[in-house]
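Protein chains in written order, with my numbering: chain A, 4 to 301; chain B, 4 to 301; chain C, 4 to 301; chain D, 4 to 301.
Calculated directly from the structure, the hints in this document are not laboratory data. A hint or two may mislead.
Any copy, or any two copies together, can satisfy a pair, since identical chains are not distinguished.
Cut-off 30 Å, straight-line C-alpha distance, at most; resulting in silico cross-link-like pairs (DSS-like, lysine-lysine) [to be verified]:
#1 K97 with K252
#2 K27 with K283
#3 K41 with K252
#4 K252 with K160
Number of protein chains: 4
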Amino acid sequence: MAGTEFHGVFPYLVSPIEPDGRVKERVLADLVGFLIEKGVQGLSPLGSTGEFAYLDWAQKERIVAVTLEAAAGRVPVVPGVAATTTAEAVRQAKAYQAMGAAGILAVLEAYFPIGDDGVVDYFAAIARAVDRPVVLYTNPNFQRVDLSIPIIERLAKVPNIRYLKDASTNTGRLLTILEKVGGDLEIFAASAHIPAAVMLIGGKGWMAGPACLAPAESVRLYELCRAKDWDAAMALQRRLWRLNQVFAKYNLAACIKGGLEILGFAVGDPLPPQAPLDAKGRAEVEQALLELGVLPGP
Amino acid sequence: MAGTEFHGVFPYLVSPIEPDGRVKERVLADLVGFLIEKGVQGLSPLGSTGEFAYLDWAQKERIVAVTLEAAAGRVPVVPGVAATTTAEAVRQAKAYQAMGAAGILAVLEAYFPIGDDGVVDYFAAIARAVDRPVVLYTNPNFQRVDLSIPIIERLAKVPNIRYLKDASTNTGRLLTILEKVGGDLEIFAASAHIPAAVMLIGGKGWMAGPACLAPAESVRLYELCRAKDWDAAMALQRRLWRLNQVFAKYNLAACIKGGLEILGFAVGDPLPPQAPLDAKGRAEVEQALLELGVLPGP
Amino acid sequence: MAGTEFHGVFPYLVSPIEPDGRVKERVLADLVGFLIEKGVQGLSPLGSTGEFAYLDWAQKERIVAVTLEAAAGRVPVVPGVAATTTAEAVRQAKAYQAMGAAGILAVLEAYFPIGDDGVVDYFAAIARAVDRPVVLYTNPNFQRVDLSIPIIERLAKVPNIRYLKDASTNTGRLLTILEKVGGDLEIFAASAHIPAAVMLIGGKGWMAGPACLAPAESVRLYELCRAKDWDAAMALQRRLWRLNQVFAKYNLAACIKGGLEILGFAVGDPLPPQAPLDAKGRAEVEQALLELGVLPGP
Amino acid sequence: MAGTEFHGVFPYLVSPIEPDGRVKERVLADLVGFLIEKGVQGLSPLGSTGEFAYLDWAQKERIVAVTLEAAAGRVPVVPGVAATTTAEAVRQAKAYQAMGAAGILAVLEAYFPIGDDGVVDYFAAIARAVDRPVVLYTNPNFQRVDLSIPIIERLAKVPNIRYLKDASTNTGRLLTILEKVGGDLEIFAASAHIPAAVMLIGGKGWMAGPACLAPAESVRLYELCRAKDWDAAMALQRRLWRLNQVFAKYNLAACIKGGLEILGFAVGDPLPPQAPLDAKGRAEVEQALLELGVLPGP
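Okay, chain A solo, but in the shape it has when bound (with noise of 0.2 Å):
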């Protein structure tokens, strides 16, 4: 898999889990099957909406040694790697690596504040420690660290970080991000920015939970944002959009796994205590759904 270029659409998996901690590995499977079959560029397990944050090794492991089975060399599989060590960062990206990941996603837990050169440290580590591509993964709104300019900079003069994935609201930033290290690092956007805005100032396409629930819309929305036809994209993503406004609204696990269930794979409910999707937030869900033809009308 050496010399890929990631790009297009990377859906976040869930993480299905029976309430007594075991991986459901046939509804996992299942999911990653129907994905590439819609046509998604990519996979990746254990982002954000993958719940690494929940998790214990056993079940991560297990999770991306599926997730690898099932996509069988299809599409490249990019699992997260989060830590709040250095130690435990680097040993997770070795084993995935171990396993036939193409890349990692590497986020940066933090309890204390770090420092810009912890920050740095903790990155390049992880890069060091694999030879695949690596994909900065920045989300302001549940950690405790944000990756600032600065630090970007540097880490883009680390040969395997070649992608950044950003989870804030800021478009602008993207922009920004792109004058500074675009030689260097390509962008990949998240859920709150609008894709096909990212698409236009340069970006590579998105990773992002709910392209789980509408794969083939998201790769037909990719594919006129490459195609630069910007007026059919921007009809398209208005149409998409709802789907983010409502992910928006909710816990992201709760939310992309009320929304399997309503499509019929049985993904149970995101670890307690997190709740469930409530039913205001199923039936918008399903709205959505319906709106958008991935549910078929009654």
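Based on the hints, put chains B, C and D in the right spot on chain A.
Then chains B, C and D, alone, in the frame of chain A:
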């Protein structure tokens, strides 16, 4: 001016003030003439960049009068109304309409938090007090009040509330607003958004301080977006974005005033205790203007 | 009044305003008389509770004049000066001194962020403009500027900056300030601190809105603290704290005005678009006043 | 240890870890012995200072085992339980009880926001899983979850939830909690509160990292507060506060570990990518320890 639709580039004018408090009328009139010659579609005195929060009523009235006189009906002038009380805001709005303003940019200042009903009442009272279009202005960075989506939906139903100028950095929020109230409310971007991206999703233009410094380039970008020549638009947008990046780092009024001084407009410094643009900032602005070709190279 | 030391309970006066904007002079004078009879050591018009952010200059001047006249030299009157520009703050401070104010409570309003030098310049300019004691006022909840410890250390060296009134909730911060500049700056608490705890660590008293409603009990608490009768002080403090808890839930001005109406002072509502105290809030305030014995039981 | 009431000074133990990940057992045992000899009333391993967020289960288990063995029943040991899932928290709590812990310090980690019911369920599940006293721990600075007053009121009704350790800086909040649930929940302060002030309002003691460095002085302060000798207590409190001020400026674990190294305990550095205490910080800690008399002068 009835029936006018606002669109395009509305520079936020600075407020040039002598150390003794008098308005530098000649400088302001020169700036207004310069911007109109460069093709801007409108002018907005007393926005954030116009230091509305630092001026007394006599100064505000004089600035609007000078702007209107210098514009001489060539473009619409939309001054900012800002107050903590409804009564004061209504008084200002009526005065500006009587002076000839084409519309009102309405800002809510607050000290204590205000409930949704209070926010709606404030803006609706301004709208009722005039018969010109009202532009809602929301700046979550500097104000204690943000306009939530439910508040915007209520205000969109008020007949002459016709525009929203959004100074958040969240471009997705603009698409959400357009999806919800697009028929009733048109969108203008502020300097933290990427204007080309906002035009792509359906915006009408932008109201921003940096347009004082690069009016011709801003108008050219607007025209490229209107013509849907997105490749050329993005090429120009990238060059213009460097200017926005500089401004994001400094006090907005200090930056635009400093840049205008470089361009030969003796607008002076922001009002103390605000600091003037320092030497480093001045060098950065100068470099950005050189790269844009606004300043002739050596 | 030269040489006076401020200490004890300084109620933050409300600003009673007619719907047409005139000051309700008789009501204000009655309130001043009532508070002085109950033993308060000073009075502060135009603090946060006094809605300084909602009044024009004519209203402010009238409120200070009426307060001074009604106080008739019996207690020091320390009005609030608040502005975004140094020039306006100096003008207000000089005017209040000329009218007879015993000191100045100095507040910095801001729209754009201001650097440390600007903050120091602002307060130092006020102090130089008058020859009375200046009280620094910092309220991180409602203002865009906070007074950091290094700024406070610089300001403590200005000769007539003599007091700090802290409206944070961080009592440890007060001990830190006393440790660093205790010789130069005395501390007053605001309503979010526990007055007895602030007295224990070396405070001089408190300036707060709730003291308008329970002046006798507040003065009694102050005396118990001064006498170091901590058991009795804490017993009274616990009863008084219920009042502070209620006020923490509502708009401060609305709450104190609502409570004063219950006590028979026709001070009216806060200025729109601020909402008056609603029925639930009114019931809570009434209950707190009943429990304190300020209102006679049924 | 049934029926024990927790009170007094509970130092938050650091977690001494070798670069290869092994627990430095001898150093930890020495520290435990030292603190007990100095008179502390209890010990809390795996609090914030104990870097619970940076350790794996094997390390955590070893730290609690070594602490229990070294304490040998002389004082209660109350280890921290922290997890994002209810299942993992319950597992940890049962394990610590089986090992001999006298109580559980319960922390909720979160990635996505959690509703009130989820928060209550999490802590109630821990309490049901053990038959020892549970201490609720809330640290709004580092965690994504805060325990609101309504949540605390619900949790106070759970039989063996008996204490709250509050790491906010808001001392008034503690008085509010005591007023509302004082019969059911006792209060411990953390290092951002002034311990003497918390004792004045009815607290039971404090759980804090700095007590590792000045255990004898901390115990002396506690005894003075219990004896209601407030003048002597405040005199000592002022001297001890300088230590807290230093710690407020640095990473808590780095600071306490650095201070213990100065005192001769080879506890090592915090886990990377956390930075060790730098030279400036080390000098500040050393100066604070000298002034306190903990370190002998030159």
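Hints, verified against the model:
| no. | hint | result |
| --- | --- | --- |
| 1 | K97 with K252 | neither (36 Å within a copy, 36 Å between copies) |
| 2 | K27 with K283 | within (26 Å within a copy, 50 Å between copies) |
| 3 | K41 with K252 | within (26 Å within a copy, 44 Å between copies) |
| 4 | K252 with K160 | between (37 Å within a copy, 24 Å between copies) |
Hint 1 alone, counting from the list given before, is not met by this structure.
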